[in-house]
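Starting from the known structure of chain A, arrange chain B on it as the hints suggest.
There are 2 protein chains.
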Amino acid sequence: MGTPVMSTLPPLNPPVRTLLGPGPSDIHPRVLAAMAKPTVGHLDPYFLQLMDNLQGGLRQLFRTENRMTFAVSGTGSAGMETVVNNLIEPGDAMVVCVNGVFGGRMCDVAERAGAKVTKVERPWGEVFTAEEVAAVVAQAKPKVVGIVMAETSTGASQPIQEISKVVHDAGALLAVDTVTALGGMPVEVDAWNIDAIYSGTQKCLSCPPGLAPVSFGPAAMDVILSRKTKVQSWYLDVTMLASYWGSDRVYHHTAPINANYGLYEAVQVILEEGLEACFARHDLNHRALKAGLAAIGIGYAAQEGHQLPMLNAVLVPEGVDEAQVRKDLLTRFGVEIGAGLGAFKGKVWRIGLMGYGARPQNVYLVLSALEQLLAEQGCRFEHGASIAAASEVYRGA
Amino acid sequence: MGTPVMSTLPPLNPPVRTLLGPGPSDIHPRVLAAMAKPTVGHLDPYFLQLMDNLQGGLRQLFRTENRMTFAVSGTGSAGMETVVNNLIEPGDAMVVCVNGVFGGRMCDVAERAGAKVTKVERPWGEVFTAEEVAAVVAQAKPKVVGIVMAETSTGASQPIQEISKVVHDAGALLAVDTVTALGGMPVEVDAWNIDAIYSGTQKCLSCPPGLAPVSFGPAAMDVILSRKTKVQSWYLDVTMLASYWGSDRVYHHTAPINANYGLYEAVQVILEEGLEACFARHDLNHRALKAGLAAIGIGYAAQEGHQLPMLNAVLVPEGVDEAQVRKDLLTRFGVEIGAGLGAFKGKVWRIGLMGYGARPQNVYLVLSALEQLLAEQGCRFEHGASIAAASEVYRGA
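Taken in sequence, the protein lines are chains A and B. Just so you know, we're using our numbering here: the first sequence kicks off at 1 and counts up by one. Just so you know, we're using our numbering here: the second sequence kicks off at 1 and counts up by one.
Just chain A, same shape as in the assembly:
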């Protein structure tokens, strides 16, 4: 029959890690506890009320009054696909800014949706000026311009406000990827006039991966509601999702209840701290890490002045076996950091200080461990130098 013999699985006992990579980040214990709360139905009055409250919380995080603000039942990449697939109809022109993996991914998603894609490209780690975007937009006359605010692959932060102006001056819609940015640095959907935005739960929201917060402004909703063709994905069709997340509560798909519990608690943790305090904490720990790394000769991959606080893409010192360091960090210290992707493969480490993970404890841990491992590999620096430098930043704060 070919039917395999039944056999049970090894017990589920995941190791306890300190997650300082590009995400998933360290999960807040309250969020893990929330994930295990009793499941209710997706049309239960309690869950419908929770959806309302969660939408209110997400509006605060995105700083928007957009009614269509909700959590897509998929990871950040599903959020990207939701935004692109709902705004684009076959044959529409789209401009995508590409200076890392996720801009590239957006091109792929847009082409699959039938867009005629024009890329604006920059070397990895650099950022775009409003002028260069304006020049391409003037030529391509796109319906939508897509850009990544915080490139997880390069650690570069892209100023959005000026780009929003040139995009709207040209009559296009602006779609922004804030998978890594949201909750770790200011994201101002209404003030910056962002038409469509998506994020993920597993970065600065300190929540396991699985949901993608999104928000659509009035101009984007006008475009979506006047489409000539159906959205090519049934699962991600905002016109249908609007009936479930909107006041009608019409059944669409069965929402991931417990994942929404986790996101709810994660949003709550941030609202309790306050967004400004949360951004300041990310910035402080980033500066401490940066000072500590500088003291042992490790610099940043992204353009100075545009380095993300929550994702530190740093240059591997010459002669160091970077994969061995990551492996030792994981197996000897339980610390996960990320490898470089694409153009940065083998050259860059990505150290995340995201959400709950952005704490002095973690900065000291990763610096101490890195000092030891780099010393073992023959790097020379004064022992304790990174700790002293980080400490100085904290003392001055």
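What the hints contain is simulated information worked out from the structure, not anything from laboratory work. Keep in mind that the hints are not guaranteed to be accurate.
[Stated by the list, open to error] Some chain A residues flagged as far from chain B (calculated, every beta-carbon gap over 12 Å):
1. V120
2. A130
3. R359
4. E376
5. Y394
6. R395
[Unchecked claim] In silico lysine-lysine, DSS-like type, Cα no more than 27 Å apart, as pairs:
7. B:K119 to A:K228
8. A:K230 to B:K119
9. A:K228 to B:K228
10. B:K230 to A:K143
All C-beta atoms, glycine included, are put in the ideal place defined by N, C-alpha and C.
Structure of chain B alone, referenced to chain A:
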């Protein structure tokens, strides 16, 4: 600025329900505990090993040796979209069997993927014969035939094996929806020659919604790997997912780690019980419920001989305010059952006995509560009749 004033959310305190609707079903306590275990990275050696083991477990549930057996990072509907979008290229012919909501949904998904869809239709609650499917397939010459094995909207069970034969005799591929079936009744991917199959976690697997187990056989993979066009969804592209879930472990998207923990534990719980014992338990509790309902004059909506064990779609007695009964069940007894959808709206209740929920405790609870509420609404029957009838089934087992 329009920025809303920051305000925190009400505490997260979901009520404890007994979930006897069409899903989500009652979650096994071990599964809830698994969801809260420490998150690791999606490329952590532990997680990669867990993926291997989970795939092995899913193969046992699907009774297949298909290498491409894994969990899609979305709910059952995303599983449907994964199967359809990967098999279909624009212009391909597809036949879809429609006798309820989910067959209808499959048509919509297929049309969005560019398929020329031919429907085989049956009134809600009835099932298809191999002959009628053969007749339509002979005319339409489809690339793919899609059918729902267990229609959650009608409680009807569709025999798959004979249909598989006529589909393959005509040279088409067979895609089967087992969102509700898997884990509650025999599903034999290899023995029945099913080419592509999907399920969900929130039915008989007793796991919160959020993932969609899928499996693709060799013929389906040949079709997918020789596509002329890209799969229209990047997120659900099996050619790329194969690199992450396959031996290469190439990063695609960030897998929902904790949801996979939950599914892992859910599969483990089933493997420990044994599939045959699990099916027998579903059948026994279904028969007890059916006998109990019959004793108070409640019959089934689906064709006799084709009634699902895990989803009992039953006819609301005449003169009963069905919405009030459901509301009272929820608020006074903490029991969720489902309303009728579409053609069955207002006429049918859907009582799920799925996975961990398929227990005598729940059968007695829902019968006792229904007796009380129906008596309050003026229905006349001997009090305790349903309990006595159910008990007789259990005693005879």
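Once the closest CB in chain B is found, is it more than 12 Å from A:R395? Given that every Cβ of chain B is farther than 12 Å from that of A:R395, nearest at about 29 Å, it holds.
Check whether the Cα positions of A:K228 and B:K228 lie no farther apart than 27 Å. holds, 26 Å
Reported absence of A:A130 from the contact zone with chain B (all CB gaps over 12 Å): The claim stands: A:A130 keeps its Cβ more than 12 Å from every Cβ of chain B (closest is about 22 Å).
So A:Y394 supposedly isn't at the interface. Is its beta-carbon more than 12 Å from every beta-carbon in chain B? A:Y394 is indeed farther than 12 Å from all Cβ atoms of chain B, at 26 Å.
Would you check whether the claim that A:V120 is not at the interface survives, using Cβ distances to chain B and the 12 Å cut-off? holds, 20 Å
Holds or violated: B:K230 with A:K143, Cα cutoff 27 Å? Answer holds: B:K230 to A:K143 is near 23 Å, not above 27 Å.
Distance rule for A:R359, whose beta carbon must clear each one in chain B by more than 12 Å: Holds, because the least Cβ-Cβ distance between A:R359 and chain B comes to about 16 Å, which exceeds 12 Å.
So if I understand the rule, the pair passes when the alpha-carbon distance is 27 Å or less; does B:K119 with A:K228 pass? Measuring from Cα to Cα gives roughly 24 Å; hence the hint holds.
Over 12 Å from every CB of chain B: does A:E376 meet that, or does the non-interface label fail? Per Cβ check, A:E376 is outside 12 Å of chain B; nearest 21 Å; holds.
Are the Cα positions of A:K230 and B:K119 separated by 27 Å at most? holds, 19 Å
Checked against the numbered hints above, the structure breaks none of them.
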